[in-house]
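Based on the sequences and whatever the hints tell you, model everything.
There are 2 protein chains.
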Amino acid sequence: MNPSSTAAPPEAIWINGRPGQDVTVLDRGLQYGDGLFETMACCSGRVRFLTLHLERLRQGCARLGLRTLEAEPLRREIDAFSKQCGDATLKLIITRGAAFARGYAVSGQEEPTRILLRYRPLAPDPAAGAGVRVRLAHLRLGENPVLAGIKHLNRLEQVLARREWSDPDIAEALLFSSSGLLISGTMSNVFLVRFGRLATARLDRCGVAGVMRAAVIRTAPAAGISLEERALELSDLDDAEEIFLTNALSAIRPVRELAGRPHSVGPVTRRLQEALEPFLSGARELPGA
Amino acid sequence: MNPSSTAAPPEAIWINGRPGQDVTVLDRGLQYGDGLFETMACCSGRVRFLTLHLERLRQGCARLGLRTLEAEPLRREIDAFSKQCGDATLKLIITRGAAFARGYAVSGQEEPTRILLRYRPLAPDPAAGAGVRVRLAHLRLGENPVLAGIKHLNRLEQVLARREWSDPDIAEALLFSSSGLLISGTMSNVFLVRFGRLATARLDRCGVAGVMRAAVIRTAPAAGISLEERALELSDLDDAEEIFLTNALSAIRPVRELAGRPHSVGPVTRRLQEALEPFLSGARELPGA
Numbered sequence: 000m001n002p003s004s005t006a007a008p009p010e011a012i013w014i015n016g017r018p019g020q021d022v023t024v025l026d027r028g029l030q031y032g033d034g035l036f037e038t039m040a041c042c043s044g045r046v047r048f049l050t051l052h053l054e055r056l057r058q059g060c061a062r063l064g065l066r067t068l069e070a071e072p073l074r075r076e077i078d079a080f081s082k083q084c085g086d087a088t089l090k091l092i093i094t095r096g097a098a099f100a101r102g103y104a105v106s107g108q109e110e111p112t113r114i115l116l117r118y119r120p121l122a123p124d125p126a127a128g129a130g131v132r133v134r135l136a137h138l139r140l141g142e143n144p145v146l147a148g149i150k151h152l153n154r155l156e157q158v159l160a161r162r163e164w165s166d167p168d169i170a171e172a173l174l175f176s177s178s179g180l181l182i183s184g185t186m187s188n189v190f191l192v193r194f195g196r197l198a199t200a201r202l203d204r205c206g207v208a209g210v211m212r213a214a215v216i217r218t219a220p221a222a223g224i225s226l227e228e229r230a231l232e233l234s235d236l237d238d239a240e241e242i243f244l245t246n247a248l249s250a251i252r253p254v255r256e257l258a259g260r261p262h263s264v265g266p267v268t269r270r271l272q273e274a275l276e277p278f279l280s281g282a283r284e285l286p287g288a
Numbered sequence: 000m001n002p003s004s005t006a007a008p009p010e011a012i013w014i015n016g017r018p019g020q021d022v023t024v025l026d027r028g029l030q031y032g033d034g035l036f037e038t039m040a041c042c043s044g045r046v047r048f049l050t051l052h053l054e055r056l057r058q059g060c061a062r063l064g065l066r067t068l069e070a071e072p073l074r075r076e077i078d079a080f081s082k083q084c085g086d087a088t089l090k091l092i093i094t095r096g097a098a099f100a101r102g103y104a105v106s107g108q109e110e111p112t113r114i115l116l117r118y119r120p121l122a123p124d125p126a127a128g129a130g131v132r133v134r135l136a137h138l139r140l141g142e143n144p145v146l147a148g149i150k151h152l153n154r155l156e157q158v159l160a161r162r163e164w165s166d167p168d169i170a171e172a173l174l175f176s177s178s179g180l181l182i183s184g185t186m187s188n189v190f191l192v193r194f195g196r197l198a199t200a201r202l203d204r205c206g207v208a209g210v211m212r213a214a215v216i217r218t219a220p221a222a223g224i225s226l227e228e229r230a231l232e233l234s235d236l237d238d239a240e241e242i243f244l245t246n247a248l249s250a251i252r253p254v255r256e257l258a259g260r261p262h263s264v265g266p267v268t269r270r271l272q273e274a275l276e277p278f279l280s281g282a283r284e285l286p287g288a
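These protein sequence lines are chains A and B, in that order. Residue 246 in numbering that gives the first Met the number 0 sits at position 247 of the first sequence; the count goes up by one each step and never skips. Residue 71 in numbering that gives the first Met the number 0 sits at position 72 of the second sequence; the count goes up by one each step and never skips.
Because the hints were derived from the structure by calculation, they are not lab data. Any given hint might turn out to be false.
[Said to hold, decoys possible] Ranges between beta-carbon positions, derived for each pair:
(1) B:107 / A:21: 17 to 27 angstroms
(2) A:196 / B:58: 42 to 52 angstroms
(3) B:169 / A:237: 41 to 51 angstroms
(4) B:230 / A:164: 30 to 40 angstroms
(5) B:20 / A:237: 51 to 61 angstroms
[Stated by the list, open to error] Facing chain A, according to a computed beta carbon distance under 8 angstroms, are these residues of chain B, among others:
(6) 22
(7) 23
(8) 24
(9) 32
(10) 103
(11) 135
(12) 138
(13) 145
(14) 148
(15) 155
[As the list claims (entries may be wrong)] Covered by chain A, per the in silico footprint, the following chain B stretches (three or more residues, Cβ under 8 angstroms):
(16) 39-50
(17) 157-168
Virtual Cβ for every residue (Gly too), placed ideally from N, Cα, C.
Now the structure itself:
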């Protein structure tokens, strides 16, 4: 059963630091998707990789010209929101705020809107062991270096790619760019292993640079695994000895079937899962963090 | 003075047919930009080119897999919203509705959200006569045939292109695609005249197919002007004898300066303005409508 297909409303919502449910229809997040978001795992009241999430958010604010939120007050707000919840899934949305007038132009006077949502945690993931079944998406991602890498609110491509299948046994679809390069899943990043070396897609023209992707990139060297960010093609998938997906909530999920072809779950994937494990509780800092 | 830079809140808002201000933060319009919009001119209580707006909306719903709203009840709602307002600018937003669960997947049970906003009308446009000054945008539009042409809520590219300038005497910026083709302005479509013939950009890979663009396409033959939708390049701009912009609110605006170079407002533009004029009050149907 795909967990995303069951109705699961949030357990709590804060808007600008206070409990709430609604935002004005003038919010530019609604009007234009003018904002950013982060989806985070909370373990025993502690947000995993919060520093990485806040750093990506800061980069996104810079890219969109959103007033950068000060990291410390935001961190305190997230801490206050999460500390009583044990394990949970958190979603943070930051928009440019309510529009002062009709039209795309930014007045510069907008007050960003902060929305925090708390959901039940993901159940322990059996796919971390056995692996997941994955398809190839038909939809191709448009390319725009200005929007690449950041987790902005313009997500129609992901919505439409996710609508391409309804089989609950298929966990994810891999997406190619309009230039034909392999980029990511709809909600995950992709890693390949060939000759024992690890590679992941360069995300300079499209895709989201995931926090778990960053965690794997930091962890691999300490696990003795060389890693390269580069342009990946369909043939790299065909040649891969191992394929795995990363996501902030589900960590590393091996691919056991791609487009109907079985794949084996290999030793490099297992070694990375073990190397990452100590950091998943959120209690230990990543190397280089 | 750029009208979009002054604070101008809406005079009225309806949400799902009733006065309101807010939507739930779970609305997929906010979460993912999962929806569509239309911006319409209301003249003496009558929405101009409403049939064309509703047709584009229908196409957008089909493309996004949004439950198609029945045209007649929607038309009646828009009529009821606009009939007492004389002249106004209307904005209609349709989203997929509140999310049932976290994640991109659509449950199919979502109830679309309808938002109607009424703003003061645009002041009579002096630029319709004298023409506007226009720049070239640095940002290039990503290409995705699945999203091309429809007026969806993923508008970060337009927001960022609009942030490239603040000079209130510059009315618009022209945008190229990542393949280097001329597509549109941030909030308008573009037409060129060469050897007395009219051309506008093909919008099969990016851009929004504007309602005023459609109105010009329908009007041109009756005005004895031949028209071609085709791939346009920078050199086509250089060679153009006349350039004009179209927008649902401001109709036809001649370009009198492009990237610092003066352009003359020519006879084909004037002929089209005259041919379109009788239809702008909303009282007469367009040819072929």
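Now the hints, each set against the structure:
no.: 1; hint: B:107 / A:21: 17 to 27 angstroms; verdict: 24 angstroms, holds
no.: 2; hint: A:196 / B:58: 42 to 52 angstroms; verdict: 47 angstroms, holds
no.: 3; hint: B:169 / A:237: 41 to 51 angstroms; verdict: 50 angstroms, holds
no.: 4; hint: B:230 / A:164: 30 to 40 angstroms; verdict: 34 angstroms, holds
no.: 5; hint: B:20 / A:237: 51 to 61 angstroms; verdict: 54 angstroms, holds
no.: 6; hint: 22; verdict: 6 angstroms, holds
no.: 7; hint: 23; verdict: 6 angstroms, holds
no.: 8; hint: 24; verdict: 5 angstroms, holds
no.: 9; hint: 32; verdict: 3 angstroms, holds
no.: 10; hint: 103; verdict: 4 angstroms, holds
no.: 11; hint: 135; verdict: 16 angstroms, violated
no.: 12; hint: 138; verdict: 6 angstroms, holds
no.: 13; hint: 145; verdict: 6 angstroms, holds
no.: 14; hint: 148; verdict: 13 angstroms, violated
no.: 15; hint: 155; verdict: 5 angstroms, holds
no.: 16; hint: 39-50; verdict: violated (count 0)
no.: 17; hint: 157-168; verdict: holds (count 6)
The structure shown violates the earlier hints numbered 11, 14, 16.
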